[in-house]
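Participant: Residues per chain, in single letters:
Number of protein chains: 2
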Amino acid sequence: MRWSEIGEEACSVARTVSVIGDRWTLLILRDGFLGIRRFDDFQARLGVTRHILADRLRKLVAAGVLAKTRYEDRPARYDYRLTPKGLALHPVLLALVHWGDTHMADGKGRPLVLRHKGCGCDFTPVTVCSRCAEPIAARDVRVRPGPGARRAV
Amino acid sequence: MRWSEIGEEACSVARTVSVIGDRWTLLILRDGFLGIRRFDDFQARLGVTRHILADRLRKLVAAGVLAKTRYEDRPARYDYRLTPKGLALHPVLLALVHWGDTHMADGKGRPLVLRHKGCGCDFTPVTVCSRCAEPIAARDVRVRPGPGARRAV
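Read top to bottom, the protein sequences are chains A and B. Its first residue numbered 267, the first sequence is counted upward by one per residue in the working numbering. Its first residue numbered 267, the second sequence is counted upward by one per residue in the working numbering.
No lab work stands behind these hints, which were simulated from the structure alone. Any given hint could turn out to be false.
Because identical chains cannot be distinguished in the list, a pair is counted as satisfied if it fits within a single copy or across any two copies.
Taking lysine-lysine and the DSBU-like style, the derived pairs with C-alpha atoms no more than 35 Å apart in a straight line are [what the hints assert, rightly or not]:
1) 351 to 325
2) 334 to 383
3) 334 to 351
4) 383 to 325
5) 374 to 334
6) 383 to 351
Can you build the whole structure from these sequences, using the hints too?
Facilitator: The following block contains the structure:
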């Protein structure tokens with residue numbers, strides 16, 4: 267399978283990684299959720315080349331994950347803000363952070379602490395069932411082809 | 267920043283993507299959660315070259331996400347199974363699936379339907395706060411440097 271075809275596959279993981287399955291892209295999204303919006307700020311934090319950064323930002327805008335917005339007229343300057351579709355990636359980022367905190371730590375503790383404004387407590391993200399609200403582990407899930415399946419899984 | 271240094275950065279997203287931030291790797295993990303274990307089965311599903319697949323599997327074994335296990339002695343044959351560290355990536359995969367279902371669908375509905383064995387219902391994953399059990403959205407979270415922070419964020 268060629269990468270250009272991956273987004274066509276009848277699999278939501280494949281479709282998702284066709285948009286965000288790139289290492290720089292995930293770090294750009296991380297910074298977006300931390301409030302970074304400007305090209306030069308992304309570049310300073312990531313240390314990535316301008317060419318790669320421009321490419322990844324362009325693809326995220328094309329995918330509707332970021333919106334390129336003019337924030338100054340003379341000279342014209344643009345920033346990159348998460349759209350609702352981009353903000354909906356928050357659970358992905360939370361899950362990545364939590365796994366890294368738990369399984370890739372260096373013994374010094376969490377680099378970032380997350381506080382839930384709603385209850386005022388530091389928290390870790392928990393993935394639960396939308397129906398019964400119980401935490402979901404891998405062994406608790408059975409999968410079957412859905413209406414959008416195009417091939418056996 | 268060079269990719270070889272990314273895993274050293276004091277950020278759990280960066281550490282996580284240093285292990286799984288590769289498109290084939292995410293699809294290998296997807297297939298692992300769907301029960302695929304053998305090299306030839308991964309290759310047949312993914313259509314990836316044997317060289318790339320062997321490289322990604324080797325890295326996942328080195329990272330402790332997959333365990334290479336001998337399942338036949340003559341000839342020696344091995345398979346690749348998710349370790350507890352690998353199984354802990356399940357929330358990441360669920361979040362990727364759900365975003366793809368919601369934002370990358372082709373109008374035909376979900377390719378895969380997830381059923382929670384615990385309650386017997388089809389479900390979608392919801393990310394909630396470990397303290398108050400309320401769903402977490404991006405705007406509900408405040409971050410601050412934790413004990414493992416090595417630089418300002």
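Participant: Give a verdict on every hint.
Facilitator: Hint check:
no.: 1; hint: 351 to 325; result: both (14 Å within a copy, 32 Å between copies)
no.: 2; hint: 334 to 383; result: within (28 Å within a copy, 43 Å between copies)
no.: 3; hint: 334 to 351; result: within (14 Å within a copy, 38 Å between copies)
no.: 4; hint: 383 to 325; result: within (32 Å within a copy, 38 Å between copies)
no.: 5; hint: 374 to 334; result: between (37 Å within a copy, 30 Å between copies)
no.: 6; hint: 383 to 351; result: both (22 Å within a copy, 30 Å between copies)
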